[in-house]
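Asks: Each chain is listed here by its residues.
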Amino acid sequence: SQTIHQWPATLVQPVGSPLSLECTVEGTSNPNLYWYRQAAGRGLQLLFYSVGIGQISSEVPQNLSASRPQDRQFILSSKKLLLSDSGFYLCAWSRIGGGYGYTFGSGTRLTVV
Amino acid sequence: GENVEQHPSTLSVQEGDSAVIKCTYSDSASNYFPWYKQELGKRPQLIIDIRSNVGEKKDQRIAVTLNKTAKHFSLHITETQPEDSAVYFCAAGTGGGNKLTFGTGTQLKVEL
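Keeping their order, the protein sequence lines are chains F and S. Quick note on our numbering: the first sequence kicks off at 1 and runs consecutively. Quick note on our numbering: the second sequence kicks off at 1001 and runs consecutively.
The hints are simulated quantities; they were obtained by calculation from the structure and are not laboratory data. Only a predicted model underlies this, so the values are computations on that prediction, with no experimental measurement involved. Cβ atoms here follow ideal geometry from the backbone N, Cα and C, with glycine treated the same way. Take the hints with a grain of salt, since some may be wrong.
To be verified - Among chain F residues calculated to face chain S with C-beta under 7 Å, some are:
{"hint": "1", "residue": "Leu44"}
{"hint": "2", "residue": "Tyr49"}
{"hint": "3", "residue": "Ser94"}
{"hint": "4", "residue": "Gly101"}
{"hint": "5", "residue": "Phe104"}
{"hint": "6", "residue": "Ser106"}
{"hint": "7", "residue": "Gly107"}
Claimed, not checked - So these bits of chain S aren't anywhere near chain F, every CB distance computed over 10 Å:
{"hint": "8", "residue": "Asn1003"}
{"hint": "9", "residue": "Ser1012"}
{"hint": "10", "residue": "Asp1027"}
{"hint": "11", "residue": "Glu1111"}
Here chain F stands alone, though its shape is the one from the complex (with noise of 0.2 Å):
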C-alpha cells in the first residue's frame, strides 16, 4: 500500500532563517506531487506541484521553492523565512493522469518567530 511520510511535525524558526521540509512516498511510482499552505482557519492555497523529476510548477509568487531531485521526494525550501509564512504545510500525492483524490502527509506546523 502507498504511505507519505512528512517531516518534522513542528518547527520554529526565527524570520531570516532557512527552511527546508521533506516529503517522501512510498509504494507508488511516478506520483504527482504537491504542497499546500493552510493560514490558521483558512483554506488550502497550492503552493507548487511536480507531474516528474525536475518538474516543478509554481502557483502563487512567494518567497518559497520546491525540488524534486528524486521520483518520490520533494521538498519544500526557503532561503530566508518571513513572518508571513507560518502556517500549516501539507504535502499530497495522487496518481498520474487525473480523476483520483490526494492523499496528504500528516503536516508541518511552522512557526515563524
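Got chain F sorted already, so can you dock chain S onto it with the hints?
Replies: Here is chain S on its own, set in the frame of chain F:
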C-alpha cells in the same frame, strides 16, 4: 483557471439532523469532485468523491450530488453525530496534472 466557491463557511446542526454543504465550480472541463474532512490539527482525508459521469453517490450516511449543467455539487450528511464535527472541503479538477482546486472550507459543528 478553476474557481471553486463553497457555502456556508460555518454550519451548526443538532445531533441527528442533516447537514448540506454546497459548492460551485467555474471550469466546465472539471470532471472529478472529491470531498475532504479535516479534524482539528490533522490532515484532510478523502471521504467521498464523484466523477462527472455520475449524478449521485452514497456511502452510508454521506452522499454527494452533482449537477453538471449548473456546475454545482453538494455534500449531504444524514443523522449527524458529534464525530462529524470538522472542516469539510470540496474540490474540483480535471485530468492531466490532476491539479485540484479547493473550496474555502465549511466548519461543521454537531451539537448535542
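Asks: State for each hint whether it applies.
Replies: Now for the hints, and whether the structure bears them out:
1. Leu44: This hint holds: F:Leu44 lies near chain S, its Cβ roughly 4 Å from the closest one there, short of 7 Å.
2. Tyr49: 6 Å, holds
3. Ser94: Because about 5 Å separates F:Ser94 from the closest Cβ in chain S, which is inside the 7 Å limit, the hint holds.
4. Gly101: Where the cut-off is 7 Å and the nearest Cβ of chain S is about 4 Å from F:Gly101, the hint holds.
5. Phe104: 4 Å, holds
6. Ser106: 5 Å, holds
7. Gly107: With a closest approach of 5 Å, the F:Gly107 hint holds.
8. Asn1003: Answer for S:Asn1003: holds, closest chain F Cβ roughly 12 Å.
9. Ser1012: S:Ser1012 clear of chain F: closest Cβ-Cβ about 16 Å, beyond 10 Å.
10. Asp1027: Correct as stated: the minimum Cβ-Cβ distance to chain F is 13 Å, above 10 Å.
11. Glu1111: The claim stands: S:Glu1111 keeps its Cβ more than 10 Å from every Cβ of chain F (closest is about 20 Å).
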